[in-house]
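Residue numbers (our numbering), protein chains in the order written: chain S, 35 to 543; chain A, 17 to 338; chain H, 20 to 342.
Please keep in mind that the hints were generated in silico from the structure rather than gathered at the bench.
You may find that some hints are simply not true.
What the hints assert, rightly or not - Simulated pairs of lysine-lysine, BS3-like, Cα-Cα distance not exceeding 25 Å:
| id | chain 1 | residue 1 | chain 2 | residue 2 |
| --- | --- | --- | --- | --- |
| 1 | S | K400 | H | K226 |
| 2 | A | K305 | S | K159 |
| 3 | S | K98 | S | K201 |
| 4 | S | K400 | S | K419 |
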Amino acid sequence: MTENVSVTRENTFFRLEDITKTFPGVKALSVVSFDLRVGEVHALCGENGAGKSTLIKVMTGAHKKDSGSIFIDNEKVEFANTHQAIEMGISCVYQELSIVPLLDVARNLFIGNLPMKGKVIDYKKLYADTADILKKLGLNISPHEKAGDLSVGQQQMIEIGRALTRKARCIIMDEPTSSLSERETDTLFEIIEILKAQKIAVVYISHKLDEVMHIADRVTVIRDGQHIITKDICDITEVQIISNMIGRDLGNMYCKEPVNQKDTVLEVKNLTKDGVFKDISFEVRAGEILGFFGLVGAGRSEIMRAVFGADKYDSGQVIINGKALKPGSPAASIASGLGFVTEDRKQEGLMLELSILANMTLPKLKDLSSGGIIRRKAQREITQKYVDSIRIKTPSMNQLAVNLSGGNQQKIVIAKWLMMNPKVLIVDEPTRGIDVGSKAEIYALMNELAKGGVAIIVVSSEIEEVMGLGDSVVTIFEGRKTARLKVTDTLTREDILAASIGGVTVKCS
Amino acid sequence: MKNNKALNFLKEHNAVVIMILVFVAAVIIASPKFTKLTNLFNLAMSIGTYGILAIGLTFVFIVGGIDLSIGYQVAFCGTMLVILTNAIGLAPALIIVLSIGLSIGYLNGTIVTRLKIPPLIGTLAVMTALNGLVLLLNNNSGNLSIKDTIFGMSLPEFYRLHIFGFLSPSIVIALVLFVGFALFLKYTRPGADMYVTGGNREAGAFSGINNGRLTRIAYSICGLCSAVCSFLLVSSLGASTYNMGDGLDITAICAVVIGGVKMQGGKGNMAMCFMGVVTIQVINNAMIKIGLHSSMQSLITGIVVILVLVLDKLTSKKAVNA
Amino acid sequence: MQLKAKEKPVFKARNGGIQNLGIFIIMLVFIVIVVALSGSKFLTPTNLLNLLRSISVTGLMAVATTLVMITGNIDLSLGWMIGLAACITGVHSDNTAEALVLAILACAACGAFNGILVGVLKLNAFITTLGTMYAFKGITMMYSDGKMLTASVQNDSLKFIGQGNILGVPTPIWIFLIAGLIFWFLLKRTTFGNRIYAVGANPVSAKFSGVSSARIIMATYILTGIVTGIAGVVFYSKVMSVQPYSGAGLEFDVLTAIVLGGTSVSGGKGNVLGTIIGVIFVGILSNGFTLIGLGSNAQYITQGVILILAMRADVMSTRGMKV
């Protein structure tokens, strides 16, 4: 946490008072107040569906409040649209980045705000000002680079830079580190310090409480559309934040139990894909949970996609239960007992416009049909069974997937694979963007699966998750396996991090 | 994921042009008729005439849309031009027809932005409606001759006028439009913002860019270009025909895409448009000079479209690893 | 068994159907106007029979193409595919079996070609089928020498296909309805059908669930080809002669029918029942216009306007073009 002596109550410049916002059937915000001081980092925490995004939308002018007031510098304001909010100094960097990939960095920084000389665009000023801002943020990028060629982390910096060009007084960051590596996260924190020094406030929304504890000055918790608590960060603990977020005490989230591991189910031998990963070899046993850790961009997801057959690989072998797996064919992998919960459930895991029923039973259709014709009763019964046992919150299985919350959507994807009784289940970032309550449920699910003899591979960027769930951890760095470490009481974060940063020879245990 | 920049640049712009140059070399060897100066002049004239149409389409592509109705826009404007000219004279008729073109374009833009109908269907519908109108005006077949003069000569003569030996009205008008619009795209606010509208609509909306307005402007420019093109086509024929719009949409799309303008939006400029038009017109001209039968020409057109698409696909950034 | 346009069917909103009551009402309004204007001429048995026969050709193509559109693609080459089939039938008008087999094979090959380009190479369906349309046009014109083809020999079995009646109902209608039934069943009750919806909704997710979008898309185009081949035979045998270009423009009728029937152009939604309603509507409109005395011009214009209105009413469920 940083010291900033001048962040006091008198310096409140942005204030929302008693905001209420109702949607048909749902009261998203109920008399919520929030205030922001000059140069402070104010964290906003809450489960999915608690009302955080609605509050942000009211703050940025994307939604109109039903009642309540907004004050900037103690003057009442109304935002007619997002552009007005930006003009008044309230900027936001969303999870879905608004970068125009085909345009260069300079034009992205100054979208809609290009410097003009009369009626003509002043390109000289454009590139000069861009270079200035890039320097201010300490970024080593050329103003002429195409934004689409940058990494996600860099693109995010561009968005922050854009806020600066608009003379932002406050930058709202929505889950900013969800796609960032550890190194990029550190860079982000450095930039937040720079922003603070320039008297720019940051509203920091994140599920990652360790980051919140590190960077924030104050934290506000929202639950079920209501304001619960606002405290200085020194006056509250992580556990307290969590219990305020979910309204109950969670205890140990991972609840890992020792499982009797049996034979090797999956064997990956020297898997190589030129330019992406090289010589990846590992084994997983029935009942074992193997963590797969590495920095973002290390190649973990690419390895799993190749193992599953979504992508082709150049050399190597994947063996399931002693039989070599045909490469490049998801259908063959599924038939051999592989399941894959992908990183991005919206783009890769679900068909949002279709029903829960359709989504869940897609891989299983062959088993549920005779001669190509679906046995609808069987289809409905098995879907209901899983909806009940995994506790998916929905009025009916005909509900469209798009209408469910993130946690429930993820449950659909997991249920889809559970239905197939896989021998090996690969889960890639299983709890990304999911609220704490659902997280715990998903962890319990995985432990149960392992008890039942399924081999599980968990790809994750959260060290705690990998240490809490896994029996062993494989670390990947720049496409190569650097270590396999057994998770014991003596294993520390630093051990894993050191192994994942690479340059280390393979340690086997 | 390292990119070989040189290879990419080649792929993006010149692979197709090289392919065409090879083809052209073959044609030149095979048929001396191609390199005759008169033929080259004809080629330049057609580049001018069809190039103007492609300019309009380029704008629509840049904002991320598509306009299938351009063929019938040309037919309709051409028909109206003849009818009006025969009634009230060329100059006033021309002004009215240009406004008509602009309005049809604006209508397309409104259908897409205000009624929020996907451009594919919307412009398809407008195209059908225009088709009906053109057939109606032409009594289902045949052509109408234009009866007026310009600068003291008949329109066909005007079209084929040699200015400074190698320029013609269509070439001059095309050049003016190419350069003018190129400056517009590079140096004006609306021009630059159009790339945002096509490249990432939401980003534009967040930053206060009026996507709707820019889209309507793009479609209106397209309509205007169709009107200008129709004037040139009518001039060259001395009349309007009920089918003068046939195949123009596919020709323009091919030209623009070959030149490197992306259909998904956010990328393209007048230089690319020009290169693409030159390429397509050279192919067309060559096919005729070699003496290919029209059904064969259809076949080759089809194949070229497919090749263009494959190339466009190969050079586009992969969005999701699917 | 035929659906009369005035019956109000019940649709499940989940898999498409007429998404918005608005479209249905618009259609009803137009039909009422047209029928009223054409007066007694419309309801004569001769007219109704003619109407049914012409609906069948469009309808055959439409029910098959519905599958293509549910995957988020489109087929603009239909007009010349059917032209090719009709010309092949004309050339082989002496031997019904030969004509059928060859027409179907040729169009299936065309469909496979489309399928490879769109499904395997993943090209933009719209522009691609615009291109293949030109290619098929070239082939058809070359095959027929651009000339009209008339039957020179009496062939009753062929004649029966287009002009005959079974149980008082024209043969083409039977063919259309059987095809409709088959495709309805395919979409609703088979794994194939479910996979089509999956590919249309999200081909990437479908792939992760083991469904190959290339195969599904190929299949939809080939099926469309096969059905179009049959439609071509019917087309020819209605009058036992054909001009090679007679089919050009039919793809627009097919597209209109499918869209009016509730299939979303962005894929993932749609059904055969809606398409059939759409086909009937387009047919009645065309028939009515002819009876009133308005030419195809007016019909074109009206169809264009209706399409816009229908799309406007449908806009909520359209998430954006895949084109």
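Okay, the hints, checked on the actual structure:
1. S:K400 / H:K226: holds (15 Å)
2. A:K305 / S:K159: violated (52 Å)
3. S:K98 / S:K201: This hinted pair holds, its Cα atoms lying about 23 Å apart.
4. S:K400 / S:K419: Holds: K400 (chain S) and K419 (chain S) sit about 18 Å apart, inside 25 Å.
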